[in-house]
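A.B. asks: Sequence:
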Amino acid sequence: MTPTNLNIRLRRIAWVLVVVLGLVQAWAGRNFMNPDGVSYLDVAEKYLQRDWTWAVNAYWSPLYSWFLGAALLVLRPSSYWEYPVVHLVNFLIYLICFVCFEFLLAQIICYQTERSEGSASDAFLPIWAWQAIGYLLFLWCTLVLITIEVVTPDMLVASAVFLIGGLLIRIRLHPEKWVLVVCLGIALGFAYLAKAVMFPLAFVFLLVLLFSFENLRKALPRVVLAGVLFLLVSAPFLLALRNAKGRWTFSETGKLAYAWLIDGTEAYIHWRGLPPGTGVPAHPTTKIFDNPSAYEFKEPIKSTYPPWYDASYWNEGLVGRFNLRGQLAALSQGLLAYYAVLINSPVGMAVLATFLVLQLYAKTPVWQWITRIRFWQLLFPAIGALSMYALIHVETRYIGAYIVVVWLALFSGVRFRKDEGSARLKYAAVVALVVAGMTVILAKQMTPAMSSLPGIFREQGSVYWQVADGLSTMGVKPGDQVAFIGSGFGSGSFWGRLAKVQIIAEITAGSDMAVRDDVDEFWHSNNDVKRQVIAAFAKTGAKCIVADKMPPGADYPGWQKIGNTDHYVYFLQ
Numbered sequence: 005m006t007p008t009n010l011n012i013r014l015r016r017i018a019w020v021l022v023v024v025l026g027l028v029q030a031w032a033g034r035n036f037m038n039p040d041g042v043s044y045l046d047v048a049e050k051y052l053q054r055d056w057t058w059a060v061n062a063y064w065s066p067l068y069s070w071f072l073g074a075a076l077l078v079l080r081p082s083s084y085w086e087y088p089v090v091h092l093v094n095f096l097i098y099l100i101c102f103v104c105f106e107f108l109l110a111q112i113i114c115y116q117t118e119r120s121e122g123s124a125s126d127a128f129l130p131i132w133a134w135q136a137i138g139y140l141l142f143l144w145c146t147l148v149l150i151t152i153e154v155v156t157p158d159m160l161v162a163s164a165v166f167l168i169g170g171l172l173i174r175i176r177l178h179p180e181k182w183v184l185v186v187c188l189g190i191a192l193g194f195a196y197l198a199k200a201v202m203f204p205l206a207f208v209f210l211l212v213l214l215f216s217f218e219n220l221r222k223a224l225p226r227v228v229l230a231g232v233l234f235l236l237v238s239a240p241f242l243l244a245l246r247n248a249k250g251r252w253t254f255s256e257t258g259k260l261a262y263a264w265l266i267d268g269t270e271a272y273i274h275w276r277g278l279p280p281g282t283g284v285p286a287h288p289t290t291k292i293f294d295n296p297s298a299y300e301f302k303e304p305i306k307s308t309y310p311p312w313y314d315a316s317y318w319n320e321g322l323v324g325r326f327n328l329r330g331q332l333a334a335l336s337q338g339l340l341a342y343y344a345v346l347i348n349s350p351v352g353m354a355v356l357a358t359f360l361v362l363q364l365y366a367k368t369p370v371w372q373w374i375t376r377i378r379f380w381q382l383l384f385p386a387i388g389a390l391s392m393y394a395l396i397h398v399e400t401r402y403i404g405a406y407i408v409v410v411w412l413a414l415f416s417g418v419r420f421r422k423d424e425g426s427a428r429l430k431y432a433a434v435v436a437l438v439v440a441g442m443t444v445i446l447a448k449q450m451t452p453a454m455s456s457l458p459g460i461f462r463e464q465g466s467v468y469w470q471v472a473d474g475l476s477t478m479g480v481k482p483g484d485q486v487a488f489i490g491s492g493f494g495s496g497s498f499w500g501r502l503a504k505v506q507i508i509a510e511i512t513a514g515s516d517m518a519v520r521d522d523v524d525e526f527w528h529s530n531n532d533v534k535r536q537v538i539a540a541f542a543k544t545g546a547k548c549i550v551a552d553k554m555p556p557g558a559d560y561p562g563w564q565k566i567g568n569t570d571h572y573v574y575f576l577q
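Numbering-wise, my numbering comes out as the position in the sequence shown, counting from 1, plus 4.
Check before you lean on any hint, since a few could be wrong.
Taking lysine-lysine pairs in the DSS-like style, the calculated list, with each CA pair at most 27 Å apart, reads [unchecked claim]: (1) Lys448 <-> Lys504; (2) Lys259 <-> Lys222; (3) Lys481 <-> Lys448; (4) Lys249 <-> Lys302; (5) Lys448 <-> Lys291; (6) Lys534 <-> Lys448; (7) Lys547 <-> Lys249; (8) Lys553 <-> Lys565; (9) Lys259 <-> Lys504; (10) Lys547 <-> Lys565; (11) Lys291 <-> Lys306; (12) Lys481 <-> Lys249; (13) Lys291 <-> Lys302; (14) Lys302 <-> Lys181; (15) Lys547 <-> Lys259; (16) Lys302 <-> Lys448.
Across the chosen pairs, the derived CB separations fall in these ranges [claimed, not checked]: (17) His287 <-> Asn530: 30 to 38 Å; (18) Glu525 <-> Asn38: 24 to 32 Å; (19) Leu229 <-> Gly545: 36 to 44 Å.
These are computed hints drawn from the structure, not numbers from a lab. Note that beta-carbon positions come from the ideal geometry of N, C-alpha and C, so glycine has one too.
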């Protein structure tokens, strides 16, 4: 088989694997939902309703909601199919991400092919090796680190990172083509619309662009053009945020994350100004009962679960302070997260081992390897992003794309002698990596898929849909307002979104976002306290109270079980 035929065959195999494994994961997780996903769906609905006052959100970036809104507008799914449609959108974004990654990989191969011409003794990794390593890294990044299952814009961000990286290499190959600079500026703008963290990172990419040309006289006008286009694409949303907040801001997410995760603010939900010194809430939720704590949030936001629809509204007034102890704790947790991904995971360990083997037998000595890295325009922004996350909070879905580009940049520094022994080593090391990595990835994908097969022909929908359908059968209609005893931040918003109701009051069950658990206190209170809490809920205008659990073996008059679920409802009207 000729090298060209091998490369074409590898690419076809990669497309088959990408599509099949993506469909498997999307199907297995079709009924999964997370709190962020509910908020993005609600934001999408605000855009469809042209409710510009609340569609513009300082906490959630808009681009992902536009994708979801387009799917809701075109497909008009019923409640039963809404979450599967969301995962169909995630699958399509995943395919877009692969196209962007192929563009990046093609530019890397093109760059190294041109640079290796004419060298009699010095060789880069062959094209087939770049393809094998690259496709494995992509599948690891998208299916294991980010995933199609989780409803967030991180796959869109990965697409932007791959596209921007490819454009930077392409510009280095063809510095005379201004159209590439135009595309880069527009891509940076849409990257910001996908996730706010890309706004400060855009300036890192522009700085890299500045040093991608022979001299500053040639570089400056191109950097200015890219920067202007980036700001032009970003400007409508920046102006909308200015009107909404009364001040200039590109996002409130980073500010709130720092206060929550570093400064030790009391809670994400129902912040009451504690601990002292963190600020004064401008418009907090209303506390309607003490012991157990109950809250009402009927106005002004109309959404499934208003406290998480726009956290910047409910936390207005929160002041983040520098906290050395909290900063060091966050940094240590971030470094541990990187260790878990890069070293203490099967695929990460396999990639690292392969790189070390190739480097050990490479032509280039280890101490010269850094100077041979070609794709510093990929490496510097990725290290900047990883460092920024390490200072606040690291999740695999945040860092997946940057891990991939770091590894691609590091592999670019490996050189070989053009002899038979080096060729055999490259072949053995890369094949071993692909076999080990794909074994892990396939096992991770097929296990949940196989567990879901028995239910394909007797599908009854997720438990969230069963709760929503049960409430509908019992007389709860779309648009009704309900109270909830449980985690509205979690499961409450999941069935609430499908039932198309608004949760306006709750006793929170506690979660990663709220440390107090008042639900047990409610169920173990005496009957007088229960009646007073129910009366407080009734005054909010809620039609009913839904509970996601009840203590076993007790009799609570007035509560009705919702279908075959473990949820219960108490009608107030």
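A.B. asks: Evaluate each hint against the coordinates.
C.D. replies: Cross-check of the supplied hints:
1. The suggested pairing of Lys448 with Lys504 is violated, with an alpha-carbon distance near 34 Å, which exceeds 27 Å.
2. Proposed proximity of Lys259 and Lys222 is contradicted: the alpha carbons are some 37 Å apart, above 27 Å.
3. Among the hinted pairs, Lys481 with Lys448 is inconsistent with the structure: their alpha-carbon atoms are about 40 Å apart, more than 27 Å.
4. Under the criterion of a C-alpha separation no larger than 27 Å, the hint pairing Lys249 with Lys302 is consistent with the structure, at around 21 Å.
5. Taking the CA atoms of Lys448 and Lys291, the gap is near 44 Å; set against the 27 Å cutoff, the hint is violated.
6. Of the supplied pair hints, the one linking Lys534 and Lys448 is violated, its CA atoms being roughly 46 Å apart against a limit of 27 Å.
7. Among the hinted pairs, Lys547 with Lys249 is inconsistent with the structure: their alpha-carbon atoms are about 33 Å apart, more than 27 Å.
8. Taking the CA atoms of Lys553 and Lys565, the gap is about 10 Å. The hint holds against a cut of 27 Å.
9. The suggested pairing of Lys259 with Lys504 is violated, with an alpha-carbon distance near 31 Å, which exceeds 27 Å.
10. Between the alpha carbons of Lys547 and Lys565 the distance comes to roughly 16 Å, so the proposed pair stays at or under 27 Å and holds.
11. For the hint pairing Lys291 with Lys306, the CA-to-CA distance comes to about 18 Å; that is within 27 Å, so the pair holds.
12. Taking the CA atoms of Lys481 and Lys249, the gap is near 34 Å; set against the 27 Å cutoff, the hint is violated.
13. For the suggested pair Lys291 and Lys302, the alpha carbons sit about 12 Å apart, so the restraint of at most 27 Å is met.
14. Restraint check for Lys302 and Lys181: the C-alpha separation of about 55 Å exceeds 27 Å, so the hint is violated.
15. Between Lys547 and Lys259 the CA atoms are separated by roughly 36 Å; this puts the pair beyond 27 Å, and the hint is violated.
16. At most 27 Å may separate the alpha-carbon atoms for a hinted pair to count; Lys302 and Lys448 exceed this at roughly 42 Å.
17. Between His287 and Asn530 the beta carbons are some 34 Å apart, a value that agrees with the proposed interval 30 to 38 Å.
18. At roughly 27 Å, the beta carbons of Glu525 and Asn38 sit within the given window of 24 to 32 Å.
19. Remark: the range hint 36 to 44 Å for Leu229 to Gly545 is contradicted by a beta-carbon distance near 55 Å.
Checked against the numbered hints given earlier, this structure breaks hints 1, 2, 3, 5, 6, 7, 9, 12, 14, 15, 16, 19; the rest are met.
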